[in-house]
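**Q** Letter by letter, the chains look like this.
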Amino acid sequence: MLISALLIGLTRALVGAAPRWQGSAPSPAQRIYFANHSSHVDTLALWSALPRELRRHTRPVAAADYWNTDAVRRCIAVRGLNAVFIERQRSEATKDPLAPLTEALAAGDSLIIFPEGTRNLQPLPGPFKAGLFHLAERFPDVELIPVYLENLHRCMPKGSFFPVPLICTVRFGAPLARIAGEDKADFLERARQAVIDLA
Amino acid sequence: MSAQDKFYWLMGGIGAVLLLSSMIGWVLSRRVSGESGRAVVDNLNARIKAWWIMVAVFAVAFMLGKMATIVMFALISWFALREFMTLTPTRPGDHRALSVSFFIAIPLQYALIADEWYALFSILIPVYGFLLLPSLSVLAQDTEHFLERAAKIQWGVMLTIYCISHVPALLLLDIPDYAGQNALLLFYLLLVVQLSDVLQYVFGKLFGKTKIAPVVSPSKTVEGFVGGALSATAIGAAMWWITPFSPLQAAGMSAAIVIMGFLGGLVLSAVKRSLGAKDWGSMIQGHGGMMDRMDSVSFAAPVFFHLTRYFFTP
Numbered sequence: 212m213l214i215s216a217l218l219i220g221l222t223r224a225l226v227g228a229a230p231r232w233q234g235s236a237p238s239p240a241q242r243i244y245f246a247n248h249s250s251h252v253d254t255l256a257l258w259s260a261l262p263r264e265l266r267r268h269t270r271p272v273a274a275a276d277y278w279n280t281d282a283v284r285r286c287i288a289v290r291g292l293n294a295v296f297i298e299r300q301r302s303e304a305t306k307d308p309l310a311p312l313t314e315a316l317a318a319g320d321s322l323i324i325f326p327e328g329t330r331n332l333q334p335l336p337g338p339f340k341a342g343l344f345h346l347a348e349r350f351p352d353v354e355l356i357p358v359y360l361e362n363l364h365r366c367m368p369k370g371s372f373f374p375v376p377l378i379c380t381v382r383f384g385a386p387l388a389r390i391a392g393e394d395k396a397d398f399l400e401r402a403r404q405a406v407i408d409l410a
Numbered sequence: 012m013s014a015q016d017k018f019y020w021l022m023g024g025i026g027a028v029l030l031l032s033s034m035i036g037w038v039l040s041r042r043v044s045g046e047s048g049r050a051v052v053d054n055l056n057a058r059i060k061a062w063w064i065m066v067a068v069f070a071v072a073f074m075l076g077k078m079a080t081i082v083m084f085a086l087i088s089w090f091a092l093r094e095f096m097t098l099t100p101t102r103p104g105d106h107r108a109l110s111v112s113f114f115i116a117i118p119l120q121y122a123l124i125a126d127e128w129y130a131l132f133s134i135l136i137p138v139y140g141f142l143l144l145p146s147l148s149v150l151a152q153d154t155e156h157f158l159e160r161a162a163k164i165q166w167g168v169m170l171t172i173y174c175i176s177h178v179p180a181l182l183l184l185d186i187p188d189y190a191g192q193n194a195l196l197l198f199y200l201l202l203v204v205q206l207s208d209v210l211q212y213v214f215g216k217l218f219g220k221t222k223i224a225p226v227v228s229p230s231k232t233v234e235g236f237v238g239g240a241l242s243a244t245a246i247g248a249a250m251w252w253i254t255p256f257s258p259l260q261a262a263g264m265s266a267a268i269v270i271m272g273f274l275g276g277l278v279l280s281a282v283k284r285s286l287g288a289k290d291w292g293s294m295i296q297g298h299g300g301m302m303d304r305m306d307s308v309s310f311a312a313p314v315f316f317h318l319t320r321y322f323f324t325p
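Protein sequences appear in the order of chains A and B.
With the first sequence counted from 1, adding 211 to any position gets you my numbering.
With the second sequence counted from 1, adding 11 to any position gets you my numbering.
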């Protein structure tokens, strides 16, 4: 609790992270928030922008190869953010890399994911990876909320260690509609466009 | 009258004016009907409420003393620079220059004021900052729009750090027969600038016809400027008793503050327009951002500081 309060305070002081609910309102409904990914502070910014009571049931998805590597990062990810780790490199062919995420969703938690899979220097997101599609298929009742993180690519571009304190806004869009029988590529492109439309 | 007594009279007067404004605002909010009228009155009341808070914050900082005042202005610079840079297009190559502006230039400039080191304080940013900031950016080897980017950062740093820091710098002036009262001079500057802004707005709303610079700022009119400037100068002259000036000198000083404040508002309005924004931010309810309130101050402060320094210190 103390760690998350500290992280949120620091995030707000440095980058503002003011929420703008444009197409949806804060709601306890189970959701997957998916956003563009351009800096180290993205997760913290999105998480800080959520109301406190929603944060308790919303778990950011973090790359295990980065966040689960040393004690400090693990402490921030696990104790501060209650993160779910995901393996970006598939170790065994049989193992489902999405298993930790589906477990969290099955337990009733909401998720924050960055479908690009890695950080991107540009203001607009690149192509999305398939994870979002599979999660959406397996959990048809979970709302899919597109989120655009504005200005964060300027605050902390790749390769920098400290954010420049520019004011960042977190824009929450309308839930992505489900289209029966839509194929993977179309779905992912539509999801990406929903994020871009908020830019 | 001691400095303490003057301070209490001043706060009492400001409190009385704000109380009156709040009452007028309350009466208007009960009488007004129609969508646009309601919007204007709501904005007016939000502004009055924000004035109460701003005056309270300043009063507390002054009562806590010199260090609190300096820290408060360092924070004002921080928020103003943050707004300026948020609207200004920069590239990843400027990251180092921006970090230095926020994390080194601001603390250093205000530390020099706390240390009363006038000689370095007055050249740190215009000379060393001017040379250092583009030098940091150039190391990233991004030549795209290099001159514009360097100029934008330089302008932001000049206005939000260097110019605004001249307000607390009034504390380091050694004015004969005025020792221990410099905080009042600081209040005087802010009071005249802000009153001039408010009165220009009021006169403009009441009598405004001829626009001064419609392209830059559609709300600024000749009638508003003349009425606001004359009345703010008159009030400034009437406030001579909290300053080291005679009534006539106070009128001259106020006129200088008013004119510079007007130009500051106009120039920063043009900057805002060139960046495609209406307000600098949304920090202060009803007023916009920090820079929307500090635009006139940033132009008036250095001029007032130097006029006082040249004519009233040995």
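Don't take each hint at face value.
As the list claims (entries may be wrong) - Computed, partial: chain B to chain A, Cβ under 7 Å:
#1 67
#2 69
#3 93
#4 97
#5 106
#6 109
These are calculated hints, taken from the structure and not from any lab test.
Ideal Cβ placement from N, Cα and C applies to all residues, glycine included.
**Q** Please go over all the hints and tell whether each is borne out by the structure.
**A** To see whether the hints hold, each was checked on the structure:
no.	hint	verdict
1	67	violated, 22 Å
2	69	violated, 22 Å
3	93	holds, 5 Å
4	97	holds, 4 Å
5	106	holds, 5 Å
6	109	holds, 4 Å
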